[in-house]
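Q: Each chain is listed here by its residues.
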Amino acid sequence: MIQYIIKRFFMMVLTVLLIATLTFFLMHAIPGSPFDDDRTSNPTIQENLEKYYKLDQPLPVQYANYLKAIVTFDFGPSIKKPNDSVNSLLARGFPISFELGIITILVAVLSGVTLGTLAALRHNGIIDYLAMTFAVIGISIPNFILATLLIQIFAGELKWLPAATWQSPLHMILPTLALATGPMAIIARLTRSSMLEVLTQDYIKMARAKGLKPSRIIIRHALRNAMMPVVTIMGTMLAGILTGTFVIERIFAIPGMGKYFVESINNRDYPVIMGSTVFYSAFLVFMLFLVDIVYGILDPRIKLHKKEGESS
Amino acid sequence: MLREQVLHNKSTGKPTFEGKERMEEKILQVEDLQVTFTTFGGVVQAVRGVTFDLHKGETLAIVGESGCGKSVTSNAIMGLIPQPPGKITNGKVVFKGKDLTSFKKSDLRKIQGLDVSMIFQDPMTALNPTMTIGEQLTEGLRTHHKISRVEAKTKAIEMLLLVGISNPSERLNQYPHQFSGGMRQRIVIAIALICEPTLLIADEPTTALDVTIQAQILELFEEIQKKTGVSIILITHDLGVVAKIADRIAVMYAGKIIEIGTKREIFYEPTHPYTKGLLNSVPRLDLVEEELEPIEGTPPDLFAPPAGCAFTARCPYAMEVCNLVYPVATSLSEKHKVDCWLQDERAKGLFN
Ligand SMILES: Nc1ncnc2c1ncn2[C@@H]1O[C@H](COP(=O)(O)OP(=O)(O)OP(=O)(O)O)[C@@H](O)[C@H]1O
Ligand code: SF4
Ligand SMILES: [Mg+2]
Chain A
1 MIQYIIKRFF MMVLTVLLIA TLTFFLMHAI PGSPFDDDRT SNPTIQENLE
51 KYYKLDQPLP VQYANYLKAI VTFDFGPSIK KPNDSVNSLL ARGFPISFEL
101 GIITILVAVL SGVTLGTLAA LRHNGIIDYL AMTFAVIGIS IPNFILATLL
151 IQIFAGELKW LPAATWQSPL HMILPTLALA TGPMAIIARL TRSSMLEVLT
201 QDYIKMARAK GLKPSRIIIR HALRNAMMPV VTIMGTMLAG ILTGTFVIER
251 IFAIPGMGKY FVESINNRDY PVIMGSTVFY SAFLVFMLFL VDIVYGILDP
301 RIKLHKKEGE SS
Chain B
1 MLREQVLHNK STGKPTFEGK ERMEEKILQV EDLQVTFTTF GGVVQAVRGV
51 TFDLHKGETL AIVGESGCGK SVTSNAIMGL IPQPPGKITN GKVVFKGKDL
101 TSFKKSDLRK IQGLDVSMIF QDPMTALNPT MTIGEQLTEG LRTHHKISRV
151 EAKTKAIEML LLVGISNPSE RLNQYPHQFS GGMRQRIVIA IALICEPTLL
201 IADEPTTALD VTIQAQILEL FEEIQKKTGV SIILITHDLG VVAKIADRIA
251 VMYAGKIIEI GTKREIFYEP THPYTKGLLN SVPRLDLVEE ELEPIEGTPP
301 DLFAPPAGCA FTARCPYAME VCNLVYPVAT SLSEKHKVDC WLQDERAKGL
351 FN
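Read top to bottom, the protein sequences are chains A and B. Residue numbers for the first sequence follow my numbering, beginning at 1 and rising by one. Residue numbers for the second sequence follow my numbering, beginning at 1 and rising by one.
Note that these hints are calculated values from the structure, not bench results. These figures come from a predicted structure and were not determined experimentally. Possibly wrong hints are sitting among the right ones.
Claimed, not checked - Some chain A residues well away from chain B (every beta-carbon gap over 10 angstroms; in silico):
1) 20
2) 149
3) 203
4) 207
5) 208
6) 211
7) 298
Said to hold, decoys possible - Just the calculated beta-carbon pair ranges, DEER-fashion:
8) 42(B) <-> 11(A): 52 to 62 angstroms
9) 1(A) <-> 226(B): 57 to 67 angstroms
10) 2(A) <-> 294(B): 17 to 27 angstroms
11) 177(B) <-> 2(A): 14 to 24 angstroms
12) 193(A) <-> 151(B): 57 to 67 angstroms
13) 123(A) <-> 173(B): 53 to 63 angstroms
14) 64(A) <-> 170(B): 21 to 31 angstroms
15) 228(A) <-> 219(B): 30 to 40 angstroms
16) 237(B) <-> 193(A): 27 to 37 angstroms
17) 14(A) <-> 82(B): 32 to 42 angstroms
18) 40(B) <-> 130(A): 51 to 61 angstroms
Unchecked claim - Distance condition first, Cα-Cα at most 20 angstroms in a straight line; then the derived SDA-like pairs of lysine to any residue:
19) 227(B) <-> 245(B)
20) 276(B) <-> 227(B)
21) 205(A) <-> 276(B)
22) 205(A) <-> 114(B)
23) 276(B) <-> 264(B)
24) 80(A) <-> 49(A)
25) 87(B) <-> 60(A)
26) 105(B) <-> 49(A)
27) 205(A) <-> 189(A)
28) 146(B) <-> 217(A)
Where a beta carbon is used, it is the ideal one built from N, C-alpha and C, also for glycine.
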């Protein structure tokens with residue numbers, strides 16, 4: 001187990017470095033510089049600025065500096081917001097994004113699994129059809145369209161809920177709904193189909209033959225086995241929710257990390273792009289690691305220490 | 001009955017054709033049981049009127065081709081027919097004087113696992129891969145009896161020892177994948193027996209196991225029956241298994257029992273042409289030179305079973321009446337019954 005974690009840790013570091021390197025070169029492949037806009041059109045000022053931010057140095061040197069920044073996790077000040085360091089931006093924005101992400105995941109998993117299980121238990125019944133119709137709609141509407149729809153209906157027409165910002169639980173409802181519906185629909189469909197399969201297994205029949213209560217059979221015997229495929233897709237789903245927060249934060253004017261990230265790309269704010277990319281990739285890689293641990297706990301047949309040579 | 005008791009005196013525990021003692025008490029009576037399944041293709045008449053009874057401590061083997069309704073019959077007794085698509089359309093399952101087919105689900109649960117237990121064919125799939133052996137062993141016990149975790153564990157250890165698993169207290173915390181196929185089947189048997197049921201239904205308990213393990217499991221059945229006096233319904237394709245542990249044999253064909261009798265009667269005086277065919281289609285150690293004769297043809301479509309004898313199309317002795325009218329049951333001895341027109345007085349005249 002410990003051996004596995006150490007191995008996994010090195011893989012994780014390697015993955016993050018790879019992502020960071022890719023981002024670095026992609027970023028520099030885009031033409032232009034952070035000082036392209038009007039105020040700094042004076043070439044001398046621009047040169048001085050580039051010197052100040054060490055952007056005049058050859059690319060390999062910049063790359064080395066950048067690697068150093070990653071290791072020390074100090075990306076210096078933002079170019080566009082000179083009063084803010086990248087770290088302070090992260091410290092301000094990330095907790096809010098994290099809140100949105102976690103609530104979304106909880107809502108998506110809990111309601112998706114419940115819905116899928118109910119649909120499977122009422123196979124071909126009304127609940128099943130309703131749930132699956134809902135799931136198909138949920139999967140096919142992109143979250144930004146759903147977000148605008150929700151704002152228009154619940155904030156615009158009905159005036160039940162605030163249209164934007166992130167101040168109280170009431171403010172959280174619409175953004176979370178917009179972001180969670182897609183993943184929830186996917187989880188519901190997956191849970192339903194895997195639950196239907198699990199319910200035909202011999203061990204379920206055996207559990208019935210023991211005279212166990214249906215509730216125990218579903219919760220103790222079926223659900224854990226039915227959850228395996230759901231856990232498997234959690235990795236990709238997390239990545240999807242993560243990028244989703246950027247979009248949703250922008251629509252709902254939520255002051256999370258997404259706002260800074262998108263702005264930084266538009267402005268070529270190199271330190272911010274770099275810092276948030278490295279931070280987010282490290283975060284995601286760590287979440288994927290957690291997913292694998294959960295998988296190992298759910299399925300005793302999976303021996304974590306035997307999963308050598310596996311990448312991710 | 002008399003003859004069996006006489007034979008019993010010679011019993012040495014070897015596979016012989018003797019009956020067992022104390023078989024008077026009837027614990028199960030299945031009367032004209034009919035089960036259908038509604039599918040997209042129509043209604044399958046899986047079991048079309050099955051009647052038999054079972055005594056205390058007795059082993060009844062149900063044999064027959066794949067799809068003849070053996071599993072459906074046993075599931076119906078257990079109350080495990082999925083409804084829908086399944087439905088018990090007629091008949092009774094009288095267990096200890098009460099008709100289980102009229103029971104509510106919640107009342108059935110009080111019998112399932114406690115009075116009637118079941119063993120499934122494939123030990124690789126019958127155990128939940130994500131639960132420890134200990135929990136799977138004790139959960140039935142703890143559902144039916146209000147006992148503590150510790151008491152349940154003690155009982156579980158006792159059961160594992162009974163079925164021949166060493167180191168039981170450590171084994172309880174392990175998962176199914178940590179056991180071999182034969183050991184898993186022993187565990188399944190332990191689970192089925194932990195509440196000391198009166199009736200054990202074993203649906204092909206040895207089919208998925210290799211031959212040496214099969215023999216061990218069969219010995220285990222005999223041993224347990226001796227110790228606990230449990231009645232067993234054993235479903236199998238394997239006449240070798242039947243020869244080893246059955247007291248009586250019911251031969252099923254297309255959803256009906258077409259012949260039933262003691263093991264000796266079925267093996268030495270098979271009367272129904274299908275039973276004869278079945279016996280001729282398996283290798284027998286005592287008849288080395290004899291050629292095997294598989295039964296030609298296939299069983300009838302259970303969506304639209306024939307009105308008469310379902311074996312007509314494959315029967316070398318089929319008469320005109322066979323296809324039209326179902327044969328009346330003929331009692332050849334106290335326990336030996338057969339459904340075939342050849343046993344009718346009028347037909348006997350015809351063939352002699
Ligand atoms: N859930 C079900 N839905 C539809 N038809 C079914 C269902 N279960 C069983 N049947 C049908 O009932 C008939 C009898 O099946 P059963 O499983 O009892 O056969 P069996 O004698 O146990 O065969 P095998 O030796 O292969 O196990 C078959 O024709 C089968 O197709
Ligand atoms: S009733 Fe007729 S068809 Fe059926 S087994 Fe007897 S002889 Fe053959
Ligand atoms: Mg079967």
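Q: Identify every previously stated hint that the structure contradicts and give their numbers, smallest first.
A: The structure conflicts with hints 3, 4, 5, 6, 7, 9, 10, 12, 13, 14, 17, 18, 20, 21, 25, 26, 27, although it agrees with all the remaining ones.
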